[in-house]
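**Q** Sequence:
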Amino acid sequence: MSTKYEFYNPLTNQTSITYGLRQRGNSFTIQAGESHTLESIVIKLTAPHGSPGTCTVNVHSVDGSGKPIGGSLSSGTFDGNTSVGIVTIPMSAVILNAGAKYCFLVRAALGSANNYINLDFRASTGTYPDGSWITTNDGVAWTVDTTSDVYFEEWGDTLVGSELAGRFSVVGTQLYYIDASDDERYLLGIPVTYNLGKELIGRLGIRETELHYIDAYGTERYFVGTMLVYADDGELVGRLGIKDTELHYIDKYENERYLLGELVV
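Per the working numbering, residue 117 is the first one in the sequence shown, and the count goes up by one each step.
Derived by calculation from the structure, the hints in this document are not laboratory data. Here the structure is a predicted model, which is why all the values come from computation and not from measurement. Just to be clear, a hint being listed does not mean it is correct.
Claimed, not checked - DSSO-like mimics (lysine-lysine), calculated; alpha carbons at most 30 Å apart, straight line:
no.	residue 1	residue 2
1	Lys183	Lys217
2	Lys217	Lys120
3	Lys120	Lys160
As the list claims (entries may be wrong) - Label-pair restraints from in silico Cβ distances:
no.	residue 1	residue 2	range
4	Thr193	Thr274	34 to 40 Å
5	Gln130	Ser188	32 to 38 Å
6	Tyr333	Ser118	25 to 31 Å
7	Thr162	Ser240	15 to 21 Å
8	Asp195	Leu137	19 to 25 Å
Beta carbons: idealized from backbone N, C-alpha and C, even for Gly.
Using the sequences provided together with the hints, build the complete structure.
**A** The following block contains the structure:
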């Protein structure tokens, strides 16, 4: 069942023109114990000017200053020519993890100075506590305004299966398992691997910024970054890899799919 997670529903006092490279949106933080699969983003629009065409909403991770980084984690579209008022945009599925901060960005890429959408927001007196108004006019330089916030709702489904137990994350160059309360559970560089006879056969370890499996004698056995992932029918679908100090799943086309530091267990 779909659940409303993060949201901010103020009495809006301004609209912001969005077209071309001009993007507008807001950051938001997933609360403790509320990891879930994203389903939709809700925004509020004043009537468009002209015909801005098909518009997009994209979700990104953010850096320490709250600015978007990396490729789109999830996307959705809506008709900018006809959408007005409270608008729900179905989004492609992605797991949003407890404690992580993201942002959504609204864009009318086909629009122009005479064809644009008007995104409603609360200027100067925004009170959403876990995110901020984000803007760019060129897709390169980003501005984070901590005093303003967009009208938005973020809806999703609870994770399929049992209660969230934890996630993987990289701290420095070491891989950790962290429980759902974000208390460090154990360093994955330390756990050892046994065969059925309980004989020690190896362990996981970090070498520089790469994840390796190392045998019981301390000899490097193989680089886990080259571990291949297959579908049930045997088709190659991707691999594991290290990017900087973060563990990623990468598809067979070498496009970064998602950060395993965000993967829930």
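**Q** Work down the list of hints and note, for each, if the structure agrees.
**A** Each hint, compared with the structure:
no.: 1; hint: Lys183 x Lys217; result: 10 Å, holds
no.: 2; hint: Lys217 x Lys120; result: 16 Å, holds
no.: 3; hint: Lys120 x Lys160; result: 16 Å, holds
no.: 4; hint: Thr193 x Thr274: 34 to 40 Å; result: 25 Å, violated
no.: 5; hint: Gln130 x Ser188: 32 to 38 Å; result: 26 Å, violated
no.: 6; hint: Tyr333 x Ser118: 25 to 31 Å; result: 52 Å, violated
no.: 7; hint: Thr162 x Ser240: 15 to 21 Å; result: 18 Å, holds
no.: 8; hint: Asp195 x Leu137: 19 to 25 Å; result: 20 Å, holds
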